[in-house]
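Chains as they are written, first to last, in the working numbering: chain A, 1 to 547; chain B, 1 to 70.
Worth flagging that the hints you see were computed from the coordinates, not collected in a lab. Don't take every hint at face value.
As the list claims (entries may be wrong) - Ranges of calculated distance between the beta carbons of each label pair, as one might list FRET restraints:
#	chain 1	residue 1	chain 2	residue 2	range
1	B	Val33	A	Arg445	45 to 53 Å
2	B	Glu8	A	Leu531	33 to 41 Å
3	A	Tyr444	B	Arg67	36 to 44 Å
4	B	Val33	A	Arg355	58 to 66 Å
5	A	Val173	B	Ser7	17 to 25 Å
6	B	Met20	A	Met140	39 to 47 Å
7	A	Glu540	B	Arg61	27 to 35 Å
8	A	Glu525	B	Met20	47 to 55 Å
9	A	Val198	B	Leu27	25 to 33 Å
10	A	Ala162	B	Thr17	15 to 23 Å
11	A	Gly543	B	Leu27	53 to 61 Å
C-beta: ideal position from N, C-alpha, C; glycine also.
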Amino acid sequence: MSLSPLATPATAQPTLRRALTPWGSFAWGYSDVGADIFVGLGLVLGAAAGASNIAFLFAGLVYVCVGLAYTELAAAYPVAGGGQYFVLRGLGDIFGFIAGWAVLLDFTIDIVLFAWSCIDYLSKLLPVIAFTVHPWTHFMIVFGVIAGLATLNIIGVRESSAFNEIVSGLDVVSETAILFFGFLFAFRPEILVHTMTVNWPTPFNLMNGTSLAIISFVGLESISQAAQETQKPASVIPRTSISLILTILIFALAYSNLALGLQPWTPIPPDQHGHAQALWQYLGSEENNGAAVQVLASLIPYYGALAALYVPLLGAILLLISSNSGVFGSSRIAYAMSQSQLLPSIFQRVHPRFRTPAVSIAVFCGFALVELVFAALPSLSPGFKDVYARLFRGESGITFLGDLYAFGAAASYSFVFIALIALRFKEPETPRRFKIPLNIPIRYRGTRVEFPLIGVIGWLGITSILVFTLITHSIGRFAGPGWLLCGLIAYVIYRRRKGLPVFGSQRHDWRKRQVQILKDAGELELMDEYLANVKRIDAERAGAKPA
Amino acid sequence: MKKFVRSEAYARTRLVTGTMFVLLGGLLLGQIVVRFGPDWHAIPAYVLGLALVLLGLNRWREYNMARRNR
Numbered sequence: 001m002s003l004s005p006l007a008t009p010a011t012a013q014p015t016l017r018r019a020l021t022p023w024g025s026f027a028w029g030y031s032d033v034g035a036d037i038f039v040g041l042g043l044v045l046g047a048a049a050g051a052s053n054i055a056f057l058f059a060g061l062v063y064v065c066v067g068l069a070y071t072e073l074a075a076a077y078p079v080a081g082g083g084q085y086f087v088l089r090g091l092g093d094i095f096g097f098i099a100g101w102a103v104l105l106d107f108t109i110d111i112v113l114f115a116w117s118c119i120d121y122l123s124k125l126l127p128v129i130a131f132t133v134h135p136w137t138h139f140m141i142v143f144g145v146i147a148g149l150a151t152l153n154i155i156g157v158r159e160s161s162a163f164n165e166i167v168s169g170l171d172v173v174s175e176t177a178i179l180f181f182g183f184l185f186a187f188r189p190e191i192l193v194h195t196m197t198v199n200w201p202t203p204f205n206l207m208n209g210t211s212l213a214i215i216s217f218v219g220l221e222s223i224s225q226a227a228q229e230t231q232k233p234a235s236v237i238p239r240t241s242i243s244l245i246l247t248i249l250i251f252a253l254a255y256s257n258l259a260l261g262l263q264p265w266t267p268i269p270p271d272q273h274g275h276a277q278a279l280w281q282y283l284g285s286e287e288n289n290g291a292a293v294q295v296l297a298s299l300i301p302y303y304g305a306l307a308a309l310y311v312p313l314l315g316a317i318l319l320l321i322s323s324n325s326g327v328f329g330s331s332r333i334a335y336a337m338s339q340s341q342l343l344p345s346i347f348q349r350v351h352p353r354f355r356t357p358a359v360s361i362a363v364f365c366g367f368a369l370v371e372l373v374f375a376a377l378p379s380l381s382p383g384f385k386d387v388y389a390r391l392f393r394g395e396s397g398i399t400f401l402g403d404l405y406a407f408g409a410a411a412s413y414s415f416v417f418i419a420l421i422a423l424r425f426k427e428p429e430t431p432r433r434f435k436i437p438l439n440i441p442i443r444y445r446g447t448r449v450e451f452p453l454i455g456v457i458g459w460l461g462i463t464s465i466l467v468f469t470l471i472t473h474s475i476g477r478f479a480g481p482g483w484l485l486c487g488l489i490a491y492v493i494y495r496r497r498k499g500l501p502v503f504g505s506q507r508h509d510w511r512k513r514q515v516q517i518l519k520d521a522g523e524l525e526l527m528d529e530y531l532a533n534v535k536r537i538d539a540e541r542a543g544a545k546p547a
Numbered sequence: 001m002k003k004f005v006r007s008e009a010y011a012r013t014r015l016v017t018g019t020m021f022v023l024l025g026g027l028l029l030g031q032i033v034v035r036f037g038p039d040w041h042a043i044p045a046y047v048l049g050l051a052l053v054l055l056g057l058n059r060w061r062e063y064n065m066a067r068r069n070r
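Let's have the full structure, built from the sequences with the hints guiding it.
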């Protein structure tokens, strides 16, 4: 983006320029989470069939809870680091590491998944690069895109914030136009009800679809990660987050309902065996699931002819930005974790010439390339098809990546909910400009705290999605926990070598840190409120103690 | 872009689009009630209508907050 938090020597304290306006903050989040529906729609339709809108609804409601939790935490603790920082502060070092490591998995998948889907969208204009036509060509181009993004990030070239804002604005207008014309010209409620009734999936497929639907909502994290660069974060973040949450929920529900109830103006081509297929089957097929929004838009009467031309390009640009945010985000999280001594200091090392975290970028892009190879292997070498069929129920390509993405997101979000609840108890003195609704006031250690009911509901929701992922996703079941386990082993070795507590936490002066955070954010009124709260709560606690 | 985002015209545009969202959401909810009534097939559409209304109301709230701060 336009800011360069890491462009400082390793020894210096990094300083972030607060340049993000409300629209900039919205665009930052939208360029990440807005791209998800381009990938998620086809995958969910392929799995949840006639219940895709229900799958999106369930995942969407969980996402609203996740979004509210992030909004409260990011407005209260406006620092870079996002979920990993909140968990570190609320639950301690080891949980901070687990949450951060799960987010890192998501970011590396983000890099591959969106680069892959970017090429899928472009292949609608250039069929020669389609995955189903020339898998090797597709693989090489995705490989090249990831390597290119890594190089650009190492030499310090990032897309400008203004470019981000323009693409996000164009995309909101374009997606609204697709939905407007789709509902106006081609939506038939009778078809929607018929599709839902006739094509209702098995419980297994519904769980699979619901766990995939969560990937359409991953990325709100970006707003909280950019909190340290946002002007007046305590008031701006709640505004932009609420708008973003509702916008993304509306898009996901509208697209899934449209896909199930659309009357296409041109006949749907038969499948590869020559059988007639419904629209949702066509969109969820291997041929189209990577570019479902474009295919859906092209089937809308009149407008579809125009949409078929520009949606692939706009979608590809947004997906490329999202892929880049994976490269950028992973290096930033690794840097923040390294500063908290959760990862070795090598991840803080900056390139002597370009002053970017070259090691972090190279390592996590390297992971992304390994994931790409695993995803593409069965299509590149037919010998692996049988192996994948036996081990992973034949899941490969974009489904493989979607599996891991869902696992990483569900795992990290479940910790964020627990951190939200813990911080309400541990730090009641922190002023919260935005507070999640539905709280139960209780007394804890002589002071009044508010127990967030939504936190519990959200945790139950995201944990059920995590369970769905583990039950239905063969790859998510092995590779996800495997990633966490490998990370934990490395964490234990690193902490032992450094003489730091492995299961406990280092001493942190969070109060001093919070004053500094609010001061840096320019939230001086909040800082005064915080200091007054500290005095009051200390007095209350002292009074509650028996003499 | 930044100039436009800070201008009064932008705030008014958001007020207009907010009103459109409220009307659209209300229309959708009305249509669903008339056509389907309390049918479980329509739950996602009800939530969609509600989300549109909330998005519109959120814009109204922001507009009012911005006016009060001015």
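**Study point:** C-beta pair A/Glu540, B/Arg61: status relative to the range 27 to 35 Å that was hinted
**Key:** holds, 34 Å
Practice item. Please test the hint of 33 to 41 Å on the beta carbon pair from B/Glu8 and A/Leu531. Key: holds, 37 Å
Check your understanding: Should the hint that A/Glu525 and B/Met20 are 47 to 55 Å apart at their CB atoms be regarded as holding?
Key -> violated, 35 Å
Review point. Is it true that A/Gly543 and B/Leu27 lie within 53 to 61 Å of each other by Cβ?
Key: Because 57 Å falls inside the window, the suggested range holds.
Review point. Is it true that A/Tyr444 and B/Arg67 lie within 36 to 44 Å of each other by Cβ?
Key: holds, 39 Å
Check your understanding: Holds or violated: 25 to 33 Å for the Cβ distance of A/Val198 and B/Leu27?
Key -> Hint holds: Cβ distance 28 Å, inside 25 to 33 Å.
Review point. Do the Cβ positions of A/Val173 and B/Ser7 conform to the proposed distance bound of 17 to 25 Å?
Key: holds, 19 Å
Practice item. Starting from the range 15 to 23 Å, see whether the pair A/Ala162 and B/Thr17 falls in it by beta-carbon distance. Key: holds, 22 Å
Check your understanding: Quick one: are B/Met20 and A/Met140 within 39 to 47 Å, going by C-beta?
Key -> holds, 46 Å
Review point. Between B/Val33 and A/Arg355, does the beta-carbon spacing fit 58 to 66 Å?
Key: holds, 60 Å
**Study point:** Pairwise beta carbon distance, B/Val33 to A/Arg445, judged against the given window 45 to 53 Å
**Key:** Holds - the Cβ-Cβ distance for B/Val33 and A/Arg445, about 49 Å, lies within 45 to 53 Å.
The structure is inconsistent with hint 8 alone, although it conforms to all the rest.
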